[in-house]
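Student: Protein chains in written order, with my numbering: chain A, 1 to 544; chain B, 1001 to 1137.
Think of the hints as simulated: they come from the structure by calculation, not from any bench. Backbone N, C-alpha and C fix where the C-beta goes; we use that ideal spot for every residue, glycine too. Any given hint could turn out to be false.
[As the list claims (entries may be wrong)] Computed list of lysine to any residue pairs in SDA-like fashion (alpha-carbon distance at most 25 angstroms, straight line):
no., chain 1, residue 1, chain 2, residue 2
1, B, Lys1090, B, Arg1137
2, B, Lys1003, B, Ala1018
3, B, Lys1090, B, Arg1029
4, B, Lys1090, A, Ser121
5, B, Lys1090, A, Ala329
6, B, Lys1127, A, Ile293
7, B, Lys1090, B, Leu1135
8, B, Lys1090, A, Thr278
9, B, Lys1090, A, Tyr120
10, B, Lys1090, A, Arg305
11, B, Lys1003, B, Thr1082
12, B, Lys1090, B, Ser1075
13, B, Lys1090, A, Val487
14, B, Lys1090, A, Trp370
15, B, Lys1090, A, Leu309
16, B, Lys1003, B, Asp1022
17, B, Lys1127, A, Val323
18, B, Lys1090, A, Gly301
19, B, Lys1127, B, Ala1047
20, B, Lys1090, A, Asp119
21, B, Lys1003, B, Thr1034
22, B, Lys1090, A, Ile293
23, B, Lys1127, B, Ile1048
24, B, Lys1127, A, Asp119
25, B, Lys1090, A, Thr390
26, B, Lys1090, A, Pro45
27, B, Lys1090, B, His1030
28, B, Lys1090, A, Leu296
29, B, Lys1003, B, Leu1027
30, B, Lys1127, A, Leu292
31, B, Lys1090, A, Asn44
32, B, Lys1090, A, Leu289
33, B, Lys1127, A, Tyr122
34, B, Lys1090, A, Thr117
[Said to hold, decoys possible] Here are some chain B residues the structure puts well away from chain A; computed CB gaps all over 10 angstroms:
no., residue
35, Gly1019
36, Leu1070
37, Ala1123
38, Lys1127
39, Leu1135
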Amino acid sequence: MSDTNGGEPLPEPEGAATLIETEYEIGQDNITPKIGPFGLDIHNPVFAISGLAVLVFVLATLAFQNSIGPLFLAMRDGLTASLDWFFLIAGNIFVLVCLALVVSPLGRVRIGGREATPDYSYLGWFSMLFAAGMGIGLMFFGVSEPMSHYGASYGGTVMENGVRTDWAPLGAAEGDVDAARMLGMAATIYHWGLHPWAIYAVVALSLALFAYNKGLPLTVRSIFYPIFGERVWGWPGHIIDILAVFATLFGLATSLGIGAQQANAGLSYLFGIDVGTTAQVLLIVGITLAALISVLRGLDGGVKRLSELNLILATILLLFIFVVGPTVAILTGFFENLFAYGREVVSLSNPFGREDDNFRQGWTAFYWAWWISWSPFVGMFIARVSRGRTVREFIVCVLLIPTLVSVLWMTTMGGTALSQLVDGGFTGVQEAALELKLFEMLTQLPLTTIASFVAIVLVIVFFVTSSDSGSLVIDTITAGGKIDAPVSQRVFWVSFEGLVAAALLIGGGLGALQAMAVSTGFPFAIVLLLACYALVRGLMDEPR
Amino acid sequence: MYKTIMVPIDLAHLPQIAGAIDTAGDLARHYGATLAFVSITAETPTAIAHNPEEFRARLSAFAAEQAARLGVEISAKAYAATDPSIDIDKTLLEAISDTGADLVVMASHRPGLADYFWAAHGAWLAKHAEISIFLVR
C-alpha cells in the first residue's frame, strides 16, 4: 500500500478502464457557508431548493389541508387507475433486465473494477440492503396483506353495473378455501418478491456502476450521463437530484409517521399506553435520536450494526413463530407458496385483458409506484455498500435471495394467521384493525407479551435503520455526491426529517403527502426505464 | 529523538495544512527523521480522484514534491474508507501503528462551539494515541 511512485503516470483504476471523461469536478458547484459554528459543504442549488421546497410543501399541506389533501389523493388514484398498464409493464421490464443480466456475460463485470474487493461480508451487506429495502412494510403487511387477499378471493367476484367491485386478484376463488389461500399468498408474494427488488436492483446497480466504475459522483443524476451528456451537471441534473431528495424525504417522513402510529397501537395493546399524538411524537423523537446516534457512529459503527441487530431480531421472531406456530404447515406452505407464486406470477403481471381492476390498480399499481418512489433512496444506499461485487453476485443477492426471504416471511406471518382462521376458526385477526393484526395473531401463540414486545422493538429498529440510511443518502445527494461532507449536515437531515414527520403527524396530512410521494412514482418510472438503457450501455463498455 | 513523524494530509484543503507540513519538515530535518504522509479517501469518486488507486497516486506525487522542497524523505500511504468523515479518527490511529510513527504533526482549527458537539480529530487522537501529538494552528 505504501507507494512512493510519485512521478509515474496515474494507474488504471483497479481494472475498470472505462472512466467517463468529463470536465466536471466533484464538488465544483458546492458552496461552503458557515452557519454559526458549523461549516457546511453543500451543492448549490440542490441543497437550498430541496430544503426550502420541503418546508413550503409541509407548511402548505398543513395550512390548506382540506383542499390539498383531496387533490393529492385524487392525483394518486388517477395515476394508478389510468396508468396501471404502464406500471405493470415497467415492473416486468425491470425483472427481465435483471434476469437477463444474471445469465449474460455482462454478469461478470465487477463493481469498482475487475480487481476490487468487497467492503462488507455477505451478512453485513445483506442486513443493510434488506433493512433499507423493505424493513417496516414487512411488519405492517406480513400478516394483513395475505389476510386481505384471502378474504377477498374467498368472497368471490362481485359485479355491479358490469364493473367488478371486489378487491380479489385475478378471477378470485369463491368458496374454495385452499384455492383462496394459494391465490392470496401468491398475490402477496408478487407484491413483495421479484418486482420490487428488481426496481431497487436497477437503480442500485446503475448508481454503483456510474460511481465506482465510471468515476462520476455518487448521485442520482450520474446515471443519466449517457443520455444528457455534460448537461447532466446543469438543470436537468439538478431537477433529478431534487426529485430524488423529495421522494426520499417524504417517503421517510410519511413512513415514520405511520410507523409511529403502529408502534403506538402495539404499545397501547400491550401496556395500555394512550394512543394519541403525544405518544407518537415522543416515539418519533426517540427514533430520530437513535438515528442521530447511528449516523454519528458512521456507516460501519452505526448503520451496519443496527441493520445486523435488525436481522437478528427478525430472525428470532420468525423462528419463534415457526416453532410455536403451525410448524409443518409453514414448512410445506413455503414450497406451496413458492410454487403458487411461480404459477400465478405471469397472469398477475399481465397488464392487459384483466377484470380485477380494484386489485390491479389499487394494490399492484399502487405498490409499484410506492416502490419506485423509494428506489432513489434504497438504490443509492445499496449502491454505496456494494463495491467489489460482480453484477451476477449483486443481482442474486439483491433480487433472488430477498425474494426467497419475502416468501418465507409472508408464509410464516400470513400463513400462521390464515391457519388460525381456516384451521382453528379464530377470527380475531380478520376483525382487527390493520395496525393490530400482527399483535392479534401473536395472542394465539405462547409467550404473547414477550413476542409482541419483540415485534414492537423490531418495528422501531426497522424505522431507525430506514431513517439513518435515508439521511445519509439525502446528505450525499445534497452535497453533490460527496460522502465526506461535514458531519453537521447529516445531523441536520436526520433532525429535519423527524421534524417534518412530527409536524405532519400533529397537523394531519401524512396521508396526503404519502399520496404525493407515490405520485412521484410515475415520472421516476420513466426515469428508471431510461436508466435500464444507460445501465446496459454502461456495462457493455466494461472489461469482463 | 523522533524517527518517523506522521503527517495526516487532506489533499482537498492544502492551504489549511501548509503550516503543519512546514513544521513537520523542520522537525524532521532537526532530528534526522523521515516523514510519513497519510491520508484517507472515500471509495466513491471524490473531488481529488475518481477512485482510491488514483488517489494513492496523487498523494504519492504530492509527497515526492514536498520531499524535494523540504529536503527530507517522505513516504505516502492512503487509506480508503466507506464513511471517511466518521472513520477518520480510528484510521489515523491505525496509521500510527502501520507507519511506526513516534510523533504526529497535524493541522487543527481553533476550538469553537462545534467542538462541544463532537471532538476535533486532533483532540480525539491526542486522547487515544500513545505517542505525542503536535497540533499546528
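Student: Run every hint past the structure and note whether it holds.
Tutor: Status of each hint after checking the structure:
Using a Cα cut-off of 25 angstroms, the hinted pair lysine 1090 (chain B) and arginine 1137 (chain B) holds, with the two alpha carbons roughly 22 angstroms apart. For a cut-off of 25 angstroms, the pair hint linking lysine 1003 (chain B) to alanine 1018 (chain B) stands: about 21 angstroms separates their Cα positions. Straight-line distance between C-alpha atoms of lysine 1090 (chain B) and arginine 1029 (chain B) comes to about 29 angstroms, which puts the hinted pair past the 25 angstroms bound. A C-alpha spacing of about 20 angstroms is found between lysine 1090 (chain B) and serine 121 (chain A), which places the hinted pair at or below 25 angstroms, so the restraint holds.
Our distance criterion of 25 angstroms between C-alpha atoms is broken by lysine 1090 (chain B) and alanine 329 (chain A), whose separation comes to about 50 angstroms. Under the criterion of a C-alpha separation no larger than 25 angstroms, the hint pairing lysine 1127 (chain B) with isoleucine 293 (chain A) is consistent with the structure, at around 21 angstroms. Proximity of lysine 1090 (chain B) to leucine 1135 (chain B) is assessed by CA-CA distance (about 17 angstroms); at most 25 angstroms being required, the pair is judged to hold. Taken as a hint, the lysine 1090 (chain B) and threonine 278 (chain A) pair is broken in the structure, with Cα atoms around 40 angstroms apart against an allowance of 25 angstroms.
For the given pair, lysine 1090 (chain B) sits about 18 angstroms from tyrosine 120 (chain A) by alpha-carbon distance, which is consistent with the 25 angstroms threshold. At roughly 17 angstroms between alpha-carbon atoms, lysine 1090 (chain B) and arginine 305 (chain A) fall within 25 angstroms of each other, so this suggested pair holds. With a CA separation close to 31 angstroms, the supplied pair lysine 1003 (chain B) and threonine 1082 (chain B) exceeds the 25 angstroms bound. Only pairs whose Cα atoms come within 25 angstroms are accepted, and lysine 1090 (chain B) paired with serine 1075 (chain B) is accepted, the gap being roughly 20 angstroms.
About 16 angstroms separates the Cα atoms of lysine 1090 (chain B) and valine 487 (chain A), which keeps this hinted pair within 25 angstroms; it holds. Of the supplied pair hints, the one linking lysine 1090 (chain B) and tryptophan 370 (chain A) is violated, its CA atoms being roughly 39 angstroms apart against a limit of 25 angstroms. The straight-line distance between the Cα atoms of lysine 1090 (chain B) and leucine 309 (chain A) is roughly 23 angstroms, inside the 25 angstroms bound, and the hint therefore holds. About 17 angstroms separates the Cα atoms of lysine 1003 (chain B) and aspartate 1022 (chain B), which keeps this hinted pair within 25 angstroms; it holds.
Between lysine 1127 (chain B) and valine 323 (chain A) the CA atoms are separated by roughly 50 angstroms; this puts the pair beyond 25 angstroms, and the hint is violated. The suggested pairing of lysine 1090 (chain B) with glycine 301 (chain A) holds, with an alpha-carbon distance near 11 angstroms, which does not exceed 25 angstroms. For a cut-off of 25 angstroms, the pair hint linking lysine 1127 (chain B) to alanine 1047 (chain B) is broken: about 31 angstroms separates their Cα positions. A C-alpha spacing of about 17 angstroms is found between lysine 1090 (chain B) and aspartate 119 (chain A), which places the hinted pair at or below 25 angstroms, so the restraint holds.
The hinted pair formed by lysine 1003 (chain B) and threonine 1034 (chain B) meets the criterion: a straight-line CA distance of about 6 angstroms does not exceed 25 angstroms. The hinted pair formed by lysine 1090 (chain B) and isoleucine 293 (chain A) meets the criterion: a straight-line CA distance of about 17 angstroms does not exceed 25 angstroms. In summary, the hint linking lysine 1127 (chain B) to isoleucine 1048 (chain B) is not supported, as the alpha carbons are separated by about 30 angstroms, beyond the 25 angstroms threshold. Pair hint lysine 1127 (chain B) plus aspartate 119 (chain A) does not hold up; C-alpha atoms about 28 angstroms apart against a cutoff of 25 angstroms.
Restraint check for lysine 1090 (chain B) and threonine 390 (chain A): not satisfied, since their Cα atoms lie roughly 29 angstroms apart, outside the 25 angstroms limit. Distance hint between lysine 1090 (chain B) and proline 45 (chain A) is unfulfilled; the C-alpha atoms sit about 34 angstroms from each other, more than 25 angstroms. Under the criterion of a C-alpha separation no larger than 25 angstroms, the hint pairing lysine 1090 (chain B) with histidine 1030 (chain B) is inconsistent with the structure, at around 29 angstroms. Of the supplied pair hints, the one linking lysine 1090 (chain B) and leucine 296 (chain A) holds, its CA atoms being roughly 14 angstroms apart against a limit of 25 angstroms.
With a C-alpha separation of about 10 angstroms, the suggested pairing of lysine 1003 (chain B) with leucine 1027 (chain B) holds against the 25 angstroms cut-off. The straight-line distance between the Cα atoms of lysine 1127 (chain B) and leucine 292 (chain A) is roughly 24 angstroms, inside the 25 angstroms bound, and the hint therefore holds. Under the criterion of a C-alpha separation no larger than 25 angstroms, the hint pairing lysine 1090 (chain B) with asparagine 44 (chain A) is inconsistent with the structure, at around 32 angstroms. A hinted pair counts as satisfied when its Cα atoms are at most 25 angstroms apart, and lysine 1090 (chain B) with leucine 289 (chain A) qualifies at roughly 24 angstroms.
Restraint check for lysine 1127 (chain B) and tyrosine 122 (chain A): not satisfied, since their Cα atoms lie roughly 34 angstroms apart, outside the 25 angstroms limit. Annotation: proposed proximity of lysine 1090 (chain B) to threonine 117 (chain A) holds, straight-line Cα distance about 21 angstroms (limit 25 angstroms). Once the 10 angstroms rule is applied to beta carbons, glycine 1019 (chain B) is consistent with being away from chain A; the minimum gap is 19 angstroms. At the 10 angstroms boundary, the C-beta of leucine 1070 (chain B) stays outside the reach of chain A, the nearest C-beta of that chain being 14 angstroms off.
The beta carbon of alanine 1123 (chain B) sits about 15 angstroms from the closest Cβ of chain A, which is more than 10 angstroms, so the claim that it is off the interface holds. Against chain A, the non-interface label of lysine 1127 (chain B) holds: every CB pair exceeds 10 angstroms, the least being about 17 angstroms. Remark: the non-interface label on leucine 1135 (chain B) is consistent with the geometry, its nearest Cβ contact in chain A lying 18 angstroms away (cut-off 10 angstroms).
Hint check: violations occur at hints 3, 5, 8, 11, 14, 17, 19, 23, 24, 25, 26, 27, 31 and 33; the rest are consistent with the structure.
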